[in-house]
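Enquirer: One-letter residues, chain by chain:
Number of protein chains: 2
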Amino acid sequence: MNKRIVILGAGYGGMMTATRLQKMLNYNEAEVTLVNKHDYHYLTTWLHEPAAGTLDAERCQIEIESVIDTNRINFVKGTAESIDPNAKSVKLTDGQTLEYDYLVVGLGADPETFGIQGLKEYALGIRSINSVRLIKEHIEYMFAKYRSEPDKLEYLTIIVGGAGFTGIEFVGELGDRIPELCNQFDIDPSLVKIYSIEAAPTALPGFDPELVEYAMNILERKGVTFKINTPIKECNPDGVILATGEEIKAGTIVWTGGVRGNAIVENSGFETMRGRVKVDDFLRAPGHDNVFILGDCALIINEETNRPYPPTAQIAMQQGQTCAENLTSLIRGGELKKFTPEIKGTVASLGKGEAMGIVGSKKIYGSTASVMKKVIDNRYLYLLGGMGLLLKKSKL
Amino acid sequence: MNKRIVILGAGYGGMMTATRLQKMLNYNEAEVTLVNKHDYHYLTTWLHEPAAGTLDAERCQIEIESVIDTNRINFVKGTAESIDPNAKSVKLTDGQTLEYDYLVVGLGADPETFGIQGLKEYALGIRSINSVRLIKEHIEYMFAKYRSEPDKLEYLTIIVGGAGFTGIEFVGELGDRIPELCNQFDIDPSLVKIYSIEAAPTALPGFDPELVEYAMNILERKGVTFKINTPIKECNPDGVILATGEEIKAGTIVWTGGVRGNAIVENSGFETMRGRVKVDDFLRAPGHDNVFILGDCALIINEETNRPYPPTAQIAMQQGQTCAENLTSLIRGGELKKFTPEIKGTVASLGKGEAMGIVGSKKIYGSTASVMKKVIDNRYLYLLGGMGLLLKKSKL
Chain S
1 MNKRIVILGA GYGGMMTATR LQKMLNYNEA EVTLVNKHDY HYLTTWLHEP
51 AAGTLDAERC QIEIESVIDT NRINFVKGTA ESIDPNAKSV KLTDGQTLEY
101 DYLVVGLGAD PETFGIQGLK EYALGIRSIN SVRLIKEHIE YMFAKYRSEP
151 DKLEYLTIIV GGAGFTGIEF VGELGDRIPE LCNQFDIDPS LVKIYSIEAA
201 PTALPGFDPE LVEYAMNILE RKGVTFKINT PIKECNPDGV ILATGEEIKA
251 GTIVWTGGVR GNAIVENSGF ETMRGRVKVD DFLRAPGHDN VFILGDCALI
301 INEETNRPYP PTAQIAMQQG QTCAENLTSL IRGGELKKFT PEIKGTVASL
351 GKGEAMGIVG SKKIYGSTAS VMKKVIDNRY LYLLGGMGLL LKKSKL
Chain E
1 MNKRIVILGA GYGGMMTATR LQKMLNYNEA EVTLVNKHDY HYLTTWLHEP
51 AAGTLDAERC QIEIESVIDT NRINFVKGTA ESIDPNAKSV KLTDGQTLEY
101 DYLVVGLGAD PETFGIQGLK EYALGIRSIN SVRLIKEHIE YMFAKYRSEP
151 DKLEYLTIIV GGAGFTGIEF VGELGDRIPE LCNQFDIDPS LVKIYSIEAA
201 PTALPGFDPE LVEYAMNILE RKGVTFKINT PIKECNPDGV ILATGEEIKA
251 GTIVWTGGVR GNAIVENSGF ETMRGRVKVD DFLRAPGHDN VFILGDCALI
301 INEETNRPYP PTAQIAMQQG QTCAENLTSL IRGGELKKFT PEIKGTVASL
351 GKGEAMGIVG SKKIYGSTAS VMKKVIDNRY LYLLGGMGLL LKKSKL
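If you read the sequences in order, they're chains S and E. The first sequence begins at 1 in UniProt numbering and counts up by one. The second sequence begins at 1 in UniProt numbering and counts up by one.
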């Protein structure tokens, strides 16, 4: 009987594994099944744009069957509920059970709340197509409500918790969107407040300080107020309370302050740190040689710094590629290949025409960085779906 | 000293009075002041469209200074608080007092709640640019929320209280918008419910029964569920409770069930019925020969039926015209002219390409009626602002 490969999650890691497997494996060499909650993949790294309303959410959606050949890979629309690594099976929420010989876990992240009270209830998250549509509509609804209750200035305040990569990219987009929104709703733009609140001693922890300063200057000019080194103590229906005791009233709170691995992994008995499994050199869960873990659910230590790599799309994609190669080897009886991330660069967008980051070891800024950001985004489309997908979804 | 004419409100009546006066009066023949809350006039009869999201709200806005010659008419952006007919003065909410020799009251309507509990708190209204923007954003927000909480089907239910003219036109637009919204939010259209609820024994009370049936058939095909002869007893955060005891859960409640005259008129000591002043043949408030009352604040009896005319834009415009002529006569010492409404026709839109109504004494339906509706809308633009305004705002 053919070996059964089950891939959980059609994020960057899962999709890359699936598309590579469909190229590398011959017909009937293995039975590959991809399981995903939606029938589309989404471009997580773009989601700050539809959240702010500067890009249509549909632009970030890719129909799975437009890049997966369903003659070679079974697609199951379903949500994983639990993994039983001993029985080698996965249970879906609809009651279905899938058995596997090899499992690839690319289930993505859950928000990390750091125990902040009220965060789950009152803060929105940049997590999925549905969650960013909600953010966009929430902000617009607040602006519309303000026009009906003009004494409620707080409706025009947006708090973004976390000034990491996503938080910074999001406030950059907000800076572009607000003038447009104010025009649409006849609102004086000076009444709108955007707060970027970060507990760490710097915005964009881990970034070169020169780049951080560049980013903050650009964003402050776009109307963003930073509160760095300022933990949020509590979220409530009216806004947030900071650790300093200061209260900021706001109609919208968006939390970008961090993620942990999907709870399913931890709940299925894998040993985790913040929901992540410290995988071996071949991306396998310790003690489970047939379970590969990718992306947000995997913990990999950067030996140079002795700290974990941040879970990025770039690394997840590389993991998917290695994982597909190793699965092919396992089926054909070849050697396994070690995974080593190769960080080509990191570019953070700061809104239209503005970005900053590092490519190779070179710092880049402004329009150069903005063009590079688009090159990175478009390169992924090409890797995933070739020229066809690039033409359909590319950013110009 | 020149006579001072103050016009309160830039609705259909006030705007028509002002634009006619600016044509009829010579320079410095009178001092005319137009007072309005916003610096724009809006096309109240179009508001069901932006409320549903089928037309941009801006399309219904006309900058007052684009049709009023401010060399001839003073424009004051302000909100009337009270009228003192004995002192012949008007107080604005900003503390300003305006004295007049002649006053024109065109302050529009307040919603009539018929004592329904919770209506003010939980139902939205089709009243103004700001209120319809809120309805549009509210509906979209509910659709976005549903995607995050897919067990809350009630988020996809819209209750429209009142199946009069506005309620019917609004559900017609909703019928067009829902498929588009469902597409945008990836929602199965069959999950969306639109209820049109009317206390009277028929939808569109006062309309020809054949036309009512035509309208209901069209709207039912667009997915509208009618509950006629069914008063609403209570609105609450979850939906409505009907007089029958039936509860309908809904994310959105819009009340179109009737209006009364602006409370300022009643509170200023004028004798009113449902907020309306029963004006004399010359549109004057009884006992105040220098106060003219137009539009929603005026009550005029149709002698044929012995019932009040419904307060329509058509009548308000005709009143504005007569009022301007009479004010000119008063200033020049001429005769006053009696006001008699001349009902040219009434056409209710039922969404894109569909309408029905009466023109002259002829019933019209379908695309003929839909074209006629646009002719009526465009004719007003021409009357108000000539060819320039028609070109800028006309419906094609």
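Derived by calculation from the structure, the hints in this document are not laboratory data. Built from N, CA and C at the ideal position, the CB exists for glycine as well. Incorrect hints may appear among the rest.
Claimed, not checked - With a straight-line cut-off of 30 angstroms between C-alpha atoms, the simulated DSSO-like cross-links for lysine-lysine are:
no., chain 1, residue 1, chain 2, residue 2
1, E, 152, S, 395
2, E, 233, S, 395
3, S, 23, S, 338
4, E, 37, S, 145
5, S, 77, S, 227
6, E, 352, S, 249
7, S, 145, E, 278
8, E, 91, E, 278
9, S, 392, E, 91
10, S, 145, E, 344
11, S, 278, S, 249
12, S, 77, E, 395
13, S, 120, E, 152
14, S, 352, E, 145
15, E, 91, E, 152
Stated by the list, open to error - A few chain E residues facing chain S, derived, Cβ under 10 angstroms:
no., residue
16, 27
17, 28
18, 54
19, 58
20, 62
21, 65
22, 189
Enquirer: How about residue 189(E): closest beta carbon in chain S under 10 angstroms, or not?
Expert: 17 angstroms, violated
Enquirer: Tell me if the straight-line CA distance from residue 120(S) to residue 152(E) falls inside 30 angstroms.
Expert: Since the Cα atoms of residue 120(S) and residue 152(E) sit roughly 18 angstroms apart, the hinted pair holds (cutoff 30 angstroms).
Enquirer: Should the hint that residue 65(E) touches chain S count as held when the rule is a Cβ pair under 10 angstroms?
Expert: 15 angstroms, violated
Enquirer: Taking only the CA atoms, is the gap from residue 91(E) to residue 152(E) under or equal to 30 angstroms?
Expert: 48 angstroms, violated
Enquirer: Sort out whether residue 344(E) lies within 30 angstroms of residue 145(S), counting only the CA atoms.
Expert: Violated. Residue 145(S) to residue 344(E) sits at ~38 angstroms, over the 30 angstroms cutoff.
Enquirer: Decide if the proposed pair is consistent with the structure: residue 352(S) and residue 145(E), CA atoms, cutoff 30 angstroms inclusive.
Expert: Satisfied, since the Cα-Cα distance of roughly 28 angstroms is no more than 30 angstroms.
Enquirer: Holds or violated: residue 62(E) as interface residue toward chain S, Cβ cutoff 10 angstroms?
Expert: Hint on residue 62(E): violated, closest Cβ of chain S at ~14 angstroms, above 10 angstroms.
Enquirer: Would you check the hint for residue 91(E) and residue 278(E), treating anything up to 30 angstroms between C-alpha atoms as holding?
Expert: Judged against 30 angstroms, a Cα distance of about 23 angstroms means the pair holds.
Enquirer: Holds or violated: residue 145(S) with residue 278(E), Cα cutoff 30 angstroms?
Expert: The hint is violated at about 36 angstroms.
Enquirer: Regarding the pair residue 37(E) and residue 145(S), is the alpha-carbon distance no greater than 30 angstroms?
Expert: Cα-Cα ~18 angstroms, so holds.
Enquirer: Is it true that the CA of residue 233(E) sits at most 30 angstroms from the CA of residue 395(S)?
Expert: The given pair, whose Cα atoms are some 53 angstroms apart, is violated under the 30 angstroms limit.
Enquirer: Is the Cα-Cα distance between residue 392(S) and residue 91(E) 30 angstroms or less?
Expert: Roughly 60 angstroms between the alpha carbons, so the hint for residue 392(S) and residue 91(E) is violated.
Checked against the numbered hints above, the structure breaks hints 1, 2, 5, 6, 7, 9, 10, 11, 12, 15, 16, 17, 18, 20, 21 and 22 and satisfies the rest.
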